[in-house]
Amino acid sequence: MKIWTWNMERIPDRDPTQPLNQEAMNALGQNPADDGLMVTHVNQTQDLLRLQGRDISASALEDSEDWLSTHSLKSEKLTLTDLISQGTAVLEEHGNFTQKIHFSTQTICHFESKLADTIERYQQRMRWLTEDSKKVFGLIKGARVGILIDVSAVSSGPQTEEFQTDLTSLIDEQLSLKEKLYVLSFGITAKPLWPDPVEVSTSTLQELKLWVKKLQPEGGSNLLQALKKVFTVEGLNSLVTIMGSCPDQPSEVLCDYIQQCTMGWDLFIHIITYKCDNDVPSAVLKNLADTLGGRYHCYSPESKLCTNRDVDELLAEIQKAHSLLHHVQALRHNNSYEELAGAMKEISTEIAKGPSTSLLPKPPRHDAPLTIEFPNLDKTSAEWLKTNSLKAKKLNLYQVLAPNAFSPVEEFVPILQKTVSSTVHERAMVQFEWHDGTVKNIHVDPPFLYEYQKQLGRAVRTYERRVEWLSLASRRIWGTVCEKRVVILLDVSESNSMYIIHIQHALRLLLEEQLSNKDYFNLIAFGSTTESWRSELVPVSHDHLQSAWRWALGLRCQGSRNVLSALRKAMEVDFKEKDQHQSQGIYLFTGGIPDQDVPTLSAYVAEACAGCDLQLNVCLFYVGEPRVDTTPPACYASRTDTATAYREIAQAAGGRFHWFGDTGIYESDDIKVIISEIEKALNYSQKCALLVASLKNNSRKALSSMAFPKDKPKTFKHREQPQRSCPSGPTAPSVTRTTTKDDPGSEKSLPQKALKWHPLSGRAGLSQAAAQPRKERTVVQRKPSKPRAGEAVLSLFYTDSGNNVGSVYKKYPQGRCARRTRSSVELPGKDMLCSSQEWVANYGLKKLKMEISRCLGPNCRHRKSAWPKSCSVVPSIEINGVVRHIRWTLQEMEAYITCMEKVMRRYVQRLQWLLSGSRRLFGSILESKVCILLDTSGSIGPYLQQLKTDLVLLIWEQLRMHCDSFNLLSFAGGLQPWRDTLVDSTDAACHEALQWVTRLQAQGSTSVFSALLKAFSFHDVQGLYLLTDGKPDTSCSLVLSAVQRLCKDRDVKVHTISLNCTDRAAVEFLRKLASLTGGRYHCPVDEDTLSGICSLLTRGFIEERDPTLPLFEGDDLRTLAQEINKARSFLEQAQAVRSHLQKKNNTEPNVTLC
1 MKIWTWNMER
11 IPDRDPTQPL
21 NQEAMNALGQ
31 NPADDGLMVT
41 HVNQTQDLLR
51 LQGRDISASA
61 LEDSEDWLST
71 HSLKSEKLTL
81 TDLISQGTAV
91 LEEHGNFTQK
101 IHFSTQTICH
111 FESKLADTIE
121 RYQQRMRWLT
131 EDSKKVFGLI
141 KGARVGILID
151 VSAVSSGPQT
161 EEFQTDLTSL
171 IDEQLSLKEK
181 LYVLSFGITA
191 KPLWPDPVEV
201 STSTLQELKL
211 WVKKLQPEGG
221 SNLLQALKKV
231 FTVEGLNSLV
241 TIMGSCPDQP
251 SEVLCDYIQQ
261 CTMGWDLFIH
271 IITYKCDNDV
281 PSAVLKNLAD
291 TLGGRYHCYS
301 PESKLCTNRD
311 VDELLAEIQK
321 AHSLLHHVQA
331 LRHNNSYEEL
341 AGAMKEISTE
351 IAKGPSTSLL
361 PKPPRHDAPL
371 TIEFPNLDKT
381 SAEWLKTNSL
391 KAKKLNLYQV
401 LAPNAFSPVE
411 EFVPILQKTV
421 SSTVHERAMV
431 QFEWHDGTVK
441 NIHVDPPFLY
451 EYQKQLGRAV
461 RTYERRVEWL
471 SLASRRIWGT
481 VCEKRVVILL
491 DVSESNSMYI
501 IHIQHALRLL
511 LEEQLSNKDY
521 FNLIAFGSTT
531 ESWRSELVPV
541 SHDHLQSAWR
551 WALGLRCQGS
561 RNVLSALRKA
571 MEVDFKEKDQ
581 HQSQGIYLFT
591 GGIPDQDVPT
601 LSAYVAEACA
611 GCDLQLNVCL
621 FYVGEPRVDT
631 TPPACYASRT
641 DTATAYREIA
651 QAAGGRFHWF
661 GDTGIYESDD
671 IKVIISEIEK
681 ALNYSQKCAL
691 LVASLKNNSR
701 KALSSMAFPK
711 DKPKTFKHRE
721 QPQRSCPSGP
731 TAPSVTRTTT
741 KDDPGSEKSL
751 PQKALKWHPL
761 SGRAGLSQAA
771 AQPRKERTVV
781 QRKPSKPRAG
791 EAVLSLFYTD
801 SGNNVGSVYK
811 KYPQGRCARR
821 TRSSVELPGK
831 DMLCSSQEWV
841 ANYGLKKLKM
851 EISRCLGPNC
861 RHRKSAWPKS
871 CSVVPSIEIN
881 GVVRHIRWTL
891 QEMEAYITCM
901 EKVMRRYVQR
911 LQWLLSGSRR
921 LFGSILESKV
931 CILLDTSGSI
941 GPYLQQLKTD
951 LVLLIWEQLR
961 MHCDSFNLLS
971 FAGGLQPWRD
981 TLVDSTDAAC
991 HEALQWVTRL
1001 QAQGSTSVFS
1011 ALLKAFSFHD
1021 VQGLYLLTDG
1031 KPDTSCSLVL
1041 SAVQRLCKDR
1051 DVKVHTISLN
1061 CTDRAAVEFL
1071 RKLASLTGGR
1081 YHCPVDEDTL
1091 SGICSLLTRG
1101 FIEERDPTLP
1111 LFEGDDLRTL
1121 AQEINKARSF
1131 LEQAQAVRSH
1141 LQKKNNTEPN
1151 VTLC
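Just so we're aligned: 1064 in my numbering is position 1064 of the sequence shown, and the numbers increase by one with no gaps anywhere.
Simulated from the structure, these hints should not be mistaken for laboratory data. Built from N, CA and C at the ideal position, the CB exists for glycine as well. Among these hints, one or two may not hold up.
Here are the simulated BS3-like cross-link-like pairs (lysine-lysine), alpha carbons at most 25 Å apart as the crow flies [unchecked claim]:
id	residue 1	residue 2
1	Lys229	Lys214
2	Lys74	Lys362
3	Lys391	Lys454
4	Lys1048	Lys1072
5	Lys191	Lys214
6	Lys209	Lys275
Label-pair ranges, simulated between beta-carbon atoms [to be verified]:
id	residue 1	residue 2	range
7	Ala382	Glu252	48 to 56 Å
8	Trp469	Lys393	14 to 22 Å
9	Lys362	Thr462	34 to 42 Å
10	Glu120	His991	50 to 58 Å
11	Leu975	Ala610	34 to 42 Å
12	Pro447	Pro414	40 to 48 Å
13	Ser1005	Thr949	22 to 30 Å
14	Pro217	Cys990	35 to 43 Å
15	Ala1065	Gly938	15 to 23 Å
Assemble the whole structure, with the sequences as input and the hints as a guide.
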C-alpha cells in the first residue's frame, strides 16, 4: 500500500503570527497554465469554466474562519484523540501492570491517507488565497459592499498603472460577484461615485473601471470624513477601506466613532494597506482593525511582506496536521508506542489548559444532525381559552343558575312603619350570593346540578391534559412558540459556562419540535457582545435549521450578560420592519440578572413593542445561586429577584414569562391561566354541592318542625333583609352558607369533586362571624354598629305583653378608639419620576407615621427610687436621663420593626435607582420640555469621553422616554446649539442628537451667561440642566441677577450639575443658581465612593455594624440619605426597646437607650 508522506521542504514551519514573505507566497501561488479558456470578463470566465465542470463553489468564497468550521481537523475527525478512540486498550504485566493501545495496520493507513488528503486540500486553498486580487486585497466578505479608496495610494508613473490594474482585477474577480456596491474616494475631501448603493451589472462594473482609471493623487487622508459619508448610506453589510498612508485622525477617535455609528448594525470591516512605505501606518491600522473586530490585510511587494489573516489561520491548521502526521508515521514504524505515549501526554496537557466545558457530559447524539418534526399550529393558553374556557362553553355557574334566580323584593309598609320582605324563599328556595355581591333566591334542581357537575369534571380533565401537554418535551423549557417570525436570544455569558450543554440541548429540542412550521427565524447569542447566526431573519427550511444547529454547537460562554445589546440587535435589525408584519416574537433564554437595570430594559421593550404585533417572551432557567467565590457575576440577584425582574420585562412587552429548573416548572403564564380556570371550575362545583346540601337541610328542618310543633318554645326569628344594591361590607350569611353546618352529616352528602369554596372577590368574602351557625334567640340578633358622635340611635325591644314592639332613641358620646399599630405601610412599587424632596414628602417617615416616639408615653413624674406600684408594672426606659414609659407591647414592637425594615429596603432601592444609568451624572429629568446645557471648555477635556457616553444614555433613557421635546446646547468661548428650537422627542431626533454629541470637542472658556440667555429664549422651555466644572468667565453676581430677572416673567427651573466638587466657590455659585430658580443641585458620585457602598446597596443598611452613608453633595441624594439615616436610627432604637421588653418579660433590669 502506498503511504503518502509529508514533504518537509514544501512549506517550512513558521510562526503564523509573522508575516508571509514574498518567496513563500510565490512558491504557493504558482498560477495554473492557461488552457485557452481564460478571458477578461469574469462572467464569461465562469461560464466557460462551468462548461468544463469547474464551477466556482460557494464555499470557496468563504473566509478561512467559516471554511475551517467545516474543513478543520476537528470537524473532519482527524485529531489524535479521534485516532486513540479507534485503538484497543490492553493491560500488559511486566513487573507491574501497564496500559497500552493497539492499532491495526488498516486503521493507521486509513487515518494517514485521510490526513494527507486534508493537507493537500489546505494547500490548494492556500494557493487560491494567494492568487491575483486575493493576494493584494485579501478575500472580501459580504454581499452589499462599500469601498473607501485612499487616493494617497495613487502615485504618478508606473505605480499608478499598477494600482489601477490591481483594482480592476479586484472588480473582475470579487466585486462582480456581489449584489450591491458603493464606492468612494477620499483625500482631503470625500467623493462618492454614486449617491447610493447600486446593483451589480455589466454597466455599473464598466463605469467603476473607468472611474478607477481617472483617480488622481490628493494630499491628506481624511478617513473620518469618508466614514461620516458612508455611514449615512443604508443597506451595506461590509465596509472595505484601502489605505495608502496613515489617516489624519488618531486611531482612538476613529475607533470610537465607528463603534458608536455601527452599534446594532451587523457590519463587517476590512482594512487594507496597499504598498505602505513604512511600518507606522500598518501598525496603526492593524490595531484599529483588531479593536473593531474586523480583518486586516497588508500588501507590500517591495519589502516582501504580506499579512493575511486567512493565510495565517490555514498555516496554523497545516502545522497541526504536520505535527500529527509526524506522530502517526512514528507510530507505524515504532512498536514500543513511545511516540504515542508522548502524544497522549500532550493531549492531557492541552485538556488541562483548555476550558472545563470540553469535559462536560453530553446527551446521546448531541452532535448529530437534527431530527426535525412538523408540529401542529400551537396557541398560547390565553388564545386556547377563547374557545375552551368555562364561559366559552357556557359552563359559568351564574349563566347556568340565571333562569332559576330571583332577586328578593322588599317594600316599606307605612302602617307598620317598617320594611317588609317575602319569606316564601325560606321554604321553597335557597339564598345564594351572586357574583356582584347581591343575594338572590335560587330554585335548586338537584338532577340538573348533578349533570352540571359532571360537565365541570369533564372540563377539568381537559384542562389537566393541557397542563400535562405544556409540561412535556421542549414546551417544558420554552413554553409554546406560537409566532410565525421568531428570534431566539441565547445567554452564553461566563456564568453559564458549566451549562452550555444544557443550553445547546434546549435549543436542539426547540429546533426539532417547534420551529419547522414558522416562516422566518434567527438566532442571537449574547454575553458581553452579541453574535448572530445570520445578519437578519431567514426563511425556515431544513437546511437553515441544520445550519443553525451546527452554529450553536460552536458557541462558547464568555463575558457578562448584556441583555440590552441583544434586544437592540433583534428589535432594530431583525424586526426593523415590525410594523409591516404580524405574529412576531422574541424568546429570551437566560439564566441570570441582566447587566442593565430593569427599568431601563422595561422602558426600552415597552417602547419598541408598542404599536405593533411583537412580543418579548422570557424563558428563565434556574440552576442555582451564582457562585460569587470563583467568578463573580457582573450583577448579582437572588432567584426571586431575578424572576421578578424578568417578569416585569415580559409584562412591559406584552409577552409571557416562563421559569423552569432541574426540578420542573416553577412558574409559567401559559400554565397559570389554565390552573386559574381549573380552580374556577372546582369553585363552581363546590357551590353546587352547597346549594344541594342547603336544600336537603331545609327540607329536613321543615319535616322536623311539622312533626314536633309543641316541643319548641315560641321565639322571634330574626330575618336578614336582602339589599338591592351591592353591600359595602361582608354580606349577611345566606342559607347556603349557614344551614349546612347545622347538619353533622351534611358533608357526607357532598360530591367528591366539591372542594373548599374560595370567594371570587373581596366583596364576596365571608367574615368570621358570618361563617358561624345561626342560633335562635329570644332577643334581637343583630348587634348594633358603633354609633357616630351626635347620631341618633333607634333601639327596638319586645314588651312584656304579647308580641308588641317598643322603641327608644338614644345618643351616645364619641368614645376613644383603641390604639392600633400599623401592621403594613403603602410604598410605591416602581420608582416615581420626582425629586427626592417630593418623594420624601409623600413616603417619608413622618408621612408614614413611623416615628419611634409613637411607642413611648409621656415622661414619668416619679423618681426612679420611689416608683409607685403602677409605674413598676408598666415597662419603662431611660432616654437621656429621662424615664419614659413604653406604650407598645412586644408584638406591636415586632410589627413596627418589620415595617421599618421594609421601608429601609424601599429607601435603599430608591437610592440605587438614583445612582444608576444616566441619573448618576445628570440626576433625574423631571420636566417634559427641557434643554441640556453642556460645558465644552478646555477644562472639560478629561471628562469629555465619559460625558459623551453618559449623554447617549441620557438621550435614550430619559429624554426619549419621559420628555415631550428637548434641545442640546454646548458652550465654551461661543455657543453651539443642536437645534434653534425645542425638538419633539422621537427616534429620528434622538439619532440625530447622537451624531451631534460625537462631534463635541473641548476648547475655549466658560460662557455660562450667554448659554443661559440663549436657553431662556427657547419657547415653552420648562427646565434647564446646566452641566459645568467651574465658575463662569463673567461675574457670578451678574449671572444670578440676570437669571432672577428672567425668572420673574417665566417659570423656568435651572438645575445645576457640577463635575468638580473640589472647587467650593463654583459649587456655591451653582447651589445659589439652582436655589434661586427652584431647581436642584447635583454632583455625581465618584467611582471610589460608589464601589465602597455597592455591597451595602445590594444587601441594604439593616445591620448595626454597617457604615453610614457618605456625605452626598447633590440635593436629591442628600435628602434621601438623610431620611435613610433617620430610619436607621429609629430602627436601632426600636431594636433596643424590643430587647428591653424581652428582658422585662424575663424580669431583668432596665437598660439605658443612647
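Status of each hint after checking the structure:
1. Lys229 with Lys214: Distance of about 21 Å is within 25 Å: holds.
2. Lys74 with Lys362: Roughly 17 Å separates the two Cα atoms, so the pair holds.
3. Lys391 with Lys454: 16 Å, holds
4. Lys1048 with Lys1072: Answer holds: Lys1048 to Lys1072 is near 16 Å, not above 25 Å.
5. Lys191 with Lys214: Distance ~13 Å between Lys191 and Lys214 Cα, so the pair holds.
6. Lys209 with Lys275: 21 Å, holds
7. Ala382 with Glu252: 48 to 56 Å: 52 Å, holds
8. Trp469 with Lys393: 14 to 22 Å: 19 Å, holds
9. Lys362 with Thr462: 34 to 42 Å: 38 Å, holds
10. Glu120 with His991: 50 to 58 Å: 52 Å, holds
11. Leu975 with Ala610: 34 to 42 Å: 36 Å, holds
12. Pro447 with Pro414: 40 to 48 Å: 45 Å, holds
13. Ser1005 with Thr949: 22 to 30 Å: 25 Å, holds
14. Pro217 with Cys990: 35 to 43 Å: 41 Å, holds
15. Ala1065 with Gly938: 15 to 23 Å: Holds, since Ala1065 and Gly938 (Cβ atoms, about 19 Å apart) stay within the stated range.
Comparing the model with each numbered hint stated earlier shows that all of them hold.
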